[in-house]
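Enquirer: Protein chains in written order, with the numbering used here: chain Z, 1 to 554; chain U, 1 to 407.
Please keep in mind that the hints were generated in silico from the structure rather than gathered at the bench. Keep in mind that this is a model prediction, so the values were computed, not measured. Among the hints, erroneous ones may be present.
Taking CB as the label site, the calculated pair distances span [said to hold, decoys possible]:
| hint | chain 1 | residue 1 | chain 2 | residue 2 | range |
| --- | --- | --- | --- | --- | --- |
| 1 | Z | LYS164 | U | PHE223 | 27 to 33 angstroms |
| 2 | U | SER212 | Z | ARG80 | 37 to 43 angstroms |
| 3 | Z | LYS328 | U | LEU213 | 23 to 29 angstroms |
| 4 | Z | GLN509 | U | LEU28 | 25 to 31 angstroms |
| 5 | Z | ARG80 | U | ASN196 | 33 to 39 angstroms |
| 6 | Z | TYR554 | U | ASN181 | 51 to 57 angstroms |
Beta carbons: idealized from backbone N, C-alpha and C, even for Gly.
Spelled out from the first residue to the last, the chains are:
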Amino acid sequence: MIVRIKNAKVYDPTNKVDGRIKDIFIKDGKIIKRPNPKEKISQVINLKNKIVMPGGIDIHSHIAGGKVNLARLLLPEEHRKYLYSSTNNLRSGSGLGTCTSFHIGYKYAKLGYTAVFEPASLPANARSTIIEMSDIPLIDKGCYTVLGNDDFLLNLIQKKTSQKKINDYVAWILTSTKGLGIKIVNPGGINAFKFNQRELDLDAKNKKYGITPRSILKILTKSLIDLKAPHPIHVHGCNLGVPGNVKTTLKQISAVEGKPMHLTHIQYHSYSNEGDRNFSSGAAILAESINKNKNISCDIGQVMFGQTVTTSADTMSQYRNHSFAHPKKWICADIECEAGCGIIPFEYRDKNYVNALQWAIGLELFLLIKDPWRVYLTTDHPNGAAFTAYPRLIKLLMDRSFRNEELEKINKDSQNNSILKSLKREYSLYEIAILTRSGPAKILGLNNIGHLGEGAKADITVYTEHQDKEKMFENPFLVFKDGQIIVKNGTIKKVINGKLYIAEAEYDQSIKKEISIYFEKYIGRKMSSFEIQNQELWDHGLELEQIRCSRNDY
Amino acid sequence: MQSFICPFCSLLCDDIRLEIKNNSFVPLNSNCLILKKSLKRKIKDHFPRIKGKKTTMSIAIEELAKLIKKSKSILFAGMGTDTKGTKVSLDILDKFGGTIDHFSGDSYSKNLKSIQEIGGVYITLAELKNRCDTIIIIETTDQTVPRLFEKYIFPKETINKIKKRKIVYIGSKKPQFLLKNKNRFAFNSIYLNSQNLLNLISQLRQKINNNSLDSTKDKNLTFLFKLLKNTNYGSIILSASELDKDLCDLIINEINLLIQDLNKFTRFAGMFLSGIHHLVTVNEVLLWQTGFPIRTNFSKGYPRHNIDQFSTTRLLAKKEVDLVVWIDSFHEEKITFKKNIKSVLLGIPTHPQKKNADIFIPLGTPGLDHNSHLFRVDKVVSMHLKKIRNISLPSVFEVLSKVKERI
Chain Z
1 MIVRIKNAKV
11 YDPTNKVDGR
21 IKDIFIKDGK
31 IIKRPNPKEK
41 ISQVINLKNK
51 IVMPGGIDIH
61 SHIAGGKVNL
71 ARLLLPEEHR
81 KYLYSSTNNL
91 RSGSGLGTCT
101 SFHIGYKYAK
111 LGYTAVFEPA
121 SLPANARSTI
131 IEMSDIPLID
141 KGCYTVLGND
151 DFLLNLIQKK
161 TSQKKINDYV
171 AWILTSTKGL
181 GIKIVNPGGI
191 NAFKFNQREL
201 DLDAKNKKYG
211 ITPRSILKIL
221 TKSLIDLKAP
231 HPIHVHGCNL
241 GVPGNVKTTL
251 KQISAVEGKP
261 MHLTHIQYHS
271 YSNEGDRNFS
281 SGAAILAESI
291 NKNKNISCDI
301 GQVMFGQTVT
311 TSADTMSQYR
321 NHSFAHPKKW
331 ICADIECEAG
341 CGIIPFEYRD
351 KNYVNALQWA
361 IGLELFLLIK
371 DPWRVYLTTD
381 HPNGAAFTAY
391 PRLIKLLMDR
401 SFRNEELEKI
411 NKDSQNNSIL
421 KSLKREYSLY
431 EIAILTRSGP
441 AKILGLNNIG
451 HLGEGAKADI
461 TVYTEHQDKE
471 KMFENPFLVF
481 KDGQIIVKNG
491 TIKKVINGKL
501 YIAEAEYDQS
511 IKKEISIYFE
521 KYIGRKMSSF
531 EIQNQELWDH
541 GLELEQIRCS
551 RNDY
Chain U
1 MQSFICPFCS
11 LLCDDIRLEI
21 KNNSFVPLNS
31 NCLILKKSLK
41 RKIKDHFPRI
51 KGKKTTMSIA
61 IEELAKLIKK
71 SKSILFAGMG
81 TDTKGTKVSL
91 DILDKFGGTI
101 DHFSGDSYSK
111 NLKSIQEIGG
121 VYITLAELKN
131 RCDTIIIIET
141 TDQTVPRLFE
151 KYIFPKETIN
161 KIKKRKIVYI
171 GSKKPQFLLK
181 NKNRFAFNSI
191 YLNSQNLLNL
201 ISQLRQKINN
211 NSLDSTKDKN
221 LTFLFKLLKN
231 TNYGSIILSA
241 SELDKDLCDL
251 IINEINLLIQ
261 DLNKFTRFAG
271 MFLSGIHHLV
281 TVNEVLLWQT
291 GFPIRTNFSK
301 GYPRHNIDQF
311 STTRLLAKKE
321 VDLVVWIDSF
331 HEEKITFKKN
341 IKSVLLGIPT
351 HPQKKNADIF
361 IPLGTPGLDH
371 NSHLFRVDKV
381 VSMHLKKIRN
391 ISLPSVFEVL
401 SKVKERI
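Given the sequences, and given the hints that come with them, work out the whole structure.
Expert: Structure below.
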């Protein structure tokens, strides 16, 4: 069966299509160049005056795992506030920032997103995270496995183990936890907090192992390059949220010496400490550095005003901020000699100096980083805001007069301490398509999504053009997943399952002997029960899409 | 010889080796009483039953489907099941309304309530094993989690190279299981009842927050204050089910607050045990699918959670349900029958009350009779358990999926 989409205005930056009217042909869930003359076109969809983009891709959104479930447990009031009834084809659910699994799928699909990546899958929690994801319908998913605070790795680094052996360990953990990428969270800092260290800058030493975050960052960055992993190292840096931390972020950029690195939620790592309140924007100097260093990609972690909840593996930072909890309750957990978890409910207020400046800093970064291929649209869901705020965020980027009106409403000192008003840039639809589709697919090493060229999955979002970009992006006219219409005019038409992207890496299996001894001696379980098998995921109805580690542009 | 991940408590020990003799299993390397008792059960018959009389599986399933269709208010109780068993139960409840609770609901709901009110600081088993120089054990024995102590509290080696762990037992009875191992750690005990425990923890919090003992002459208070001030990483292990019912929630709140307070100057965390029926597994699935823990109701078409209103004991006592489906695929927990409330038991074939239920459907045990996923006590780790026995007993998922098809 072939479907022809005709007359649509197409934005497909990977294939350099910038608003051209063209036809798209779908066959067996994929996009084909054109049908051969003998093939019959069974359906023609006329999309005159409509805008077409590939399905949206969220590179960093906390949609599953122990931390999200702990946040749900902590906040029954949020779940009572947002309740969703079951219908003939949809399950019931609740919540916004910690929305329940089925509704994460429904809500993303209704926004035109078709692939979302969970960025903090702790190795010990990976199986649970993926089983939970089997209940997120409609979208493709993937996980980044958290490393950089596990005692096994820190011990290897302390012993000055060869890079090759560390690569074997990284490859083993990536494949046995079914991750697509590797994420570092506060390198060495979560571990240091277990030894009661309350801060750890890039060159400070972890009390137990005597090694620095810089050494962990360098070694893991190199590992992923050596392994030809699909996605370069995904980094949540040191000193999250600390005034003055932009200096550390700049040092981190130079620490990787030109090698590819993805810096995540950089808004939280862009603070200077100038002025009466010792809190100011470091966006300009960070953006300048990112503009210069072409090896760096980033996502923003934009703050939007309102109640949310912050969930992170970075217990050191989360504990540091627990006094800001709103409502006043919080959770921290130390986890399996590998990481941790902190949950702090938070309300970002537009009249609060710091919160308002955080909002402005995020926007400054978006507007000052010149290359849209290296900056991606995120709110670090739910940490800066729920992903449902994306349409509003897109409007802030595309519409300067709206942005300035919003700026007028925030804390006056924050306005005065931000250069936002002077920034004239307005994102185009083409650039938005890069930020939310083509860019994330490219940095994730996924060739079959994020574009509308031959061979791509037929994940397609159709918008009705509208002057008000928030209105346009919050209610796509049609959403296709794998060639099937899943959303029409804001209503879910069909519930299907997306796939789970996982990386396949080859490595020297002899590393497993040492890991196995470590597991039995210290972790108190067997390595074999830790390793996730494909069969158990298939049993939960998950289809896997394996991406070989063969990236050749590092 | 067969290696085995044990499904009979929430530790999910994966180091078990079993000897197989005529489809019966004997543990070779574990003295765990729960495991031994569970494996000793001899299955004489595994017929489904209607009002005690043997029937076929398809008739029993048909009858259960009819009851569910007819019911105005269903309760899924016990919920001794795995992830897929929980998923299919929620699927049915979401369509037909009704409530979900668990065997361990009465005690564990106190932990849930405390987290909902104040949060907490928690620890997983490997952290407990490797980090803690001090462990305070409150009213916890080796009865419910027999190998917790041997595997995680008295380990031979730890990452932190802890030389002599300080262990304090606080409770109403002498902990023989700890006294037997006394030479392996520095041991102290404080014997008191729940009321005095509550007072002690409250006073301790006050002293810790004032950073002063003032002029207290209380020996226990002085001892604990000094101990905690000199702790590098400590933890408290607690079984809510062993505490006085009326004081349990206050005690748990005080302990959670104490732990949060201690983290101002040192590292401290808690581990709250959850019984042997895998409440954590059920709760995790509930949280991600509905946003709420156990004691959630779907009669209005969306999830409503209330720890007091939706307790099994209350719903049965007030006769607010007309059908209760008990699920018990691990053990032989005693269940309650009430006049005018239809009772269905999905249970293991040796369940002593199988003839008393309106419908009895025999179940296999996850990890013994079918592949399964279960969550460990610390909520973080989940295990994949594989089938090792061949006597064609169905899983909760299989039974309820067939029921679902018929409704």
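Enquirer: Which numbered conditions among the earlier hints are violated in the structure presented, ordered from lowest to highest?
Expert: 1
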